[in-house]
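Join the two chains, each given in its own frame, into one complex according to the hints.
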Amino acid sequence: MVTEKDVSYVADLAYLELTEDERARMLKDLNSILGYIDRLNELNTADVEPMAQVASRYGVSQEDSGAMRPDELRPSLPHEIAMRNAPASDGVFFKVPKVIER
Amino acid sequence: MNMEPLTVESARTAVQEKQTTATALVDAFYQKIDAEDAAIGAYLTLCRERAYLQAAYVDALADKGDALPPLAGVPIAIKDVFTTRGVRTTAGSKVLANFIAPYDATAVQRLEGAGAIILGKTNCDEFAMGSSNENSGFHPVRNPHDHSRVPGGSSGGSAAVVAAGTAAASIGSDTGGSIRQPAAFCGVVGFKPTYGRVSRYGLIAFASSLDHVGPFGKTVKDVALMLQCMAGRDPLDSTSAEVPVPNYLEHVGQPVTGLKIGIPKEYFGEGLDAEVRAAVGAAIEELAKAGCEIVPISLPHTEYAIPTYYVVATAEASSNLARYDGVRYGVRASDGKTLAEMYRRTRDAGLGTEVKRRIMLGTYALSAGYYDAYYLKAQRVRSLLARDFDQAFATVDAIATPTTPTPAFKLGEKTDDPLAMYLADIYTVTANLAGIPGISVPCGKSKAGLPIGVQIFGKHFDEPTVLRVAHVVEHAMAAATNPLAASP
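Protein sequences, first through last, are from chains A and Z. Counting from 1, position 47 in the first sequence corresponds to residue 47 in the numbering used here; the numbering is continuous, with no gaps. Counting from 1, position 389 in the second sequence corresponds to residue 389 in the numbering used here; the numbering is continuous, with no gaps.
Bound conformation, chain Z alone (with noise of 0.2 Å):
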């Protein structure tokens, strides 16, 4: 069976139709995996017990007859870095290399319950910090429409699996643009919700104000579906929002006519590729044509946003992996001979160079005499950055911009330059600041073949106006991108 078409949609409606059963979908896409994974290198571990156990629950339930939950027989791939009952989950990091989860992150268990059958963990830069997916502690990821290149980072399996078709979809998470970045680089969609949206109980920390979870998907569609079932107030995050939950999929295929886009001019500036600044500015004509009225803003403090980032992200991140010290769970250096020297050598041995780099980032800027001029400066600017998006969806209903400076770029091309390495999410990292939605969609390729993607922002909670922009650019742009979009 071709499972590359097999969308969220089309694989539920397959089972429900009994067109084929779940167990048999599972089969193919193992078989699949097997056979080109090892090329891509997108998968940590796969759980074929727990996969097929789920397929044939879903298999009763359409053998009763009864109309099946909505993600029923879906075959989704999950980030290394939420948590799976019983399964290895390492955050792509050496010192969580035997790690088994005692529980399910809620993301997890609300798609598992929804129906979704979970193929494996996907490999992801270690504790989600890089955009090229380079910092794995086991092995790089390869973008599957160019194996020379990275498929971005820090969610690059997560994207991977979609483009190869080695997953229907998958979830994975965005603290500075770890799903828009690798799903722009893939050519797929990645949905990063609003801050507080989806729970993240069970998404081993990085950057606690900064992190999101969200999912990606071959089709705006699925990634709308994939939402409906995570999104909510969940009792065990206490930043969840008790927001009500909209219908997604009522919007998705709405019309634009009179949506504001505001279009700010700091995000097409140097250092932006040509290539990339026309596929964007064709997808912007297409929503004029499609009724939208195209604003020109300003978010004048958007220079200040990488460094604002690398101090906030740094400091939570130095704080939230104090934990890996080799007492509780993880890969304990056994030469230690007091406690201390304990905990210096396990997370010598455990951790990454970049995780120890922005580890000693946000310590050096938390410490004595260099708080105040780092740290709560950085919040400050944050505020300002906060401030321009307030200011600008006064006017505006969404925003339009590139979602990454270049495509992908070559494995090796920026790791010697962490500076170089940062400026990859340039364009992301303020909706992670803000706490606002951002999607990017498809809407080209260059001509070497590699995807671009449009970035959409829309205010706090309002994702409907997100899905709706970002499926009248995904069907105006399908035929330079994505077949299967152009099917209504």
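So that you can see chain A by itself, here it is in the shape it has in the complex (with noise of 0.2 Å):
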């Protein structure tokens, strides 16, 4: 069951706000589908592997897959165009609202 504090701390570590009609609604939505989602307690998965990706199911092995490729050196996105999309930019970094009082 999740609670209010669940959703505050959860929320905390997405960093979201929420306003309170959000918060009062997450937790009526999380504690609906969560209670969903128990049935898979219903499964005896103690002997099953966990799968995280598909790749293993055909065969495919990193190396075979050419996931794996030298260390070499080669074109990048321009600094200029790579900062074209930043909300606030001094031109060569990224700006942010202070983090370090001093």
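In short, the hints are calculated from the structure, not lab data. Among the clues, some could well be false.
[What the hints assert, rightly or not] Taking CB as the label site, the calculated pair distances span:
| no. | chain 1 | residue 1 | chain 2 | residue 2 | range |
| --- | --- | --- | --- | --- | --- |
| 1 | Z | Ala349 | A | Leu13 | 18 to 24 Å |
| 2 | Z | Asn98 | A | Arg69 | 48 to 54 Å |
| 3 | A | Lys5 | Z | Ala97 | 32 to 38 Å |
| 4 | Z | Asp66 | A | Leu13 | 56 to 62 Å |
| 5 | A | Pro78 | Z | Glu242 | 55 to 61 Å |
| 6 | Z | Glu293 | A | Asp12 | 54 to 60 Å |
| 7 | A | Arg84 | Z | Ala38 | 29 to 35 Å |
| 8 | A | Ala24 | Z | Arg48 | 42 to 48 Å |
| 9 | A | Tyr58 | Z | Ser298 | 21 to 27 Å |
| 10 | A | Asp71 | Z | Lys289 | 56 to 62 Å |
| 11 | Z | Gly281 | A | Arg69 | 47 to 53 Å |
Don't be surprised by glycine CBs; every beta carbon is placed ideally from N, CA and C.
Here's what the structure looks like:
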């Protein structure tokens, strides 16, 4: 059972503020959805390996898939273009509100 | 010019044989979009400049008499979760309302490289989270067959433009059914290939172990043509598979005699609408008439697919969506005094209700004390669901099911009940969890005139068999669904 305290704790972890109304709604929805999810406990999975990825199912190893490549210098997005969508920038760095008081 | 019957194939042929020009096609499509899309709301952004440049390039090739590339002059639409260089890319979210992508997604680049013309970006549920397109941060999309009903989601815009004739074809993403479910609701063909078949480079991530890229078209042949141009290894996506790409078109139209088609009883149980049951039953009968052997099978863990999916998908989403913090791109809330406050206010203002709900659910499932109970448990059940398919495919070549439990529902019908909305994906999420290919093909209409889709699953990388079976259904059911598919 999710409590109001849990909602606050999880919202904090997720960097969400949420209004009073949103918190009330979230409490109701999370409990309803997690109640439904609880039916997974009907299954005994003690001897079942967790499946995190599909590729293992069709027998393509990481090496075969070409996922591992030589560590070589390659062209990347130019700095100026990468910065173009920044909400605040001094042209070189991203600007954010002050992190450290001194 | 009448574009309703225009397919990928006929558009390219018309340009190649100089019956029209690519530029004239683009003109005609934009005229239709300008006149008709406001009532449907399928497009978020049009990219006229880019479209006319590409059309001029294709026309120049045609003038020289060169053999044209496979999608030359074909006007298509791109779900707004794919990055498009120099064109606004929002993922249906207000937090990206001003984001101009600096590079093209691989799928986009390959389609354009094959001569396709990108008309614009289509509306979708925010970050592809939804089954009705009502979670768009901008406006909902209406079903072209009945404007009071949803087109399905999350790729609702991409399904609607094909149904409405405001694009010849389109692409979408499918994390739990987001291509196949709207294809069924809008009466078009939607194909989610095997996990790893199409690169996700430039696809805005929702749940990385479940996200797939695939095409929408008016016909099975059209989705085969589109997939052909997108499929294959991409060094920019480490999860794209190093598996040779067959010639899909060669398999469309091949006989299906002797193929074993599994019918899983769990997909025909309680909650299946009677008209959907009848239409899908008729499609299966046609497969039998075409020489398939119909085999009753069981996928015993099916009822656990939705709970498994909503743990795995939300856990991955909570991590993927941490990047929307107002620092590097997107809309920043300006009133945050500290960095943490800026993050929170940006996310509060920029993200919609369903997205926040899923971030909360996923963060909860991954949090200390709950990781084993929810996330690890769901991953173990995911193994069981994948094993169900492995066992079934040891005896059958393909599996046929309904795509959705009901035809398109009304706007507003499920918006207050997230769980009811999640159940709209009950027959589609399994293919994402197992990573197998699945297609939805129209197989009839309800008495109210709403399209109904049948879904065909295949083995990993056996897109050819899926297309073969889908094509037989399409032709057999054409009289009831789509006069375009009736021609050989």
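Hints, verified against the model:
Roughly 19 Å separates the CB atoms of Ala349 of chain Z and Leu13 of chain A, a value that falls within the hinted 18 to 24 Å. In this structure the hint that Asn98 of chain Z and Arg69 of chain A lie 48 to 54 Å apart at CB is violated, the actual value being about 34 Å. A hinted range of 32 to 38 Å holds for the C-beta pair Lys5 of chain A and Ala97 of chain Z, which are about 34 Å apart. Between Asp66 of chain Z and Leu13 of chain A the C-beta distance comes to about 57 Å, which sits within the given range of 56 to 62 Å.
Here the CB-CB span from Pro78 of chain A to Glu242 of chain Z is close to 30 Å, at odds with the stated 55 to 61 Å. Here the CB-CB span from Glu293 of chain Z to Asp12 of chain A is close to 57 Å, well matched to the stated 54 to 60 Å. In this structure the hint that Arg84 of chain A and Ala38 of chain Z lie 29 to 35 Å apart at CB holds, the actual value being about 31 Å. Distance hint check: the CB atoms of Ala24 of chain A and Arg48 of chain Z are about 45 Å apart, consistent with the given range 42 to 48 Å.
One distance hint, 21 to 27 Å for the beta-carbon pair Tyr58 of chain A and Ser298 of chain Z, holds here, with the actual separation near 22 Å. At roughly 57 Å, the beta carbons of Asp71 of chain A and Lys289 of chain Z sit within the given window of 56 to 62 Å. Gly281 of chain Z and Arg69 of chain A have their C-beta atoms about 50 Å apart, which keeps the hinted 47 to 53 Å range intact.
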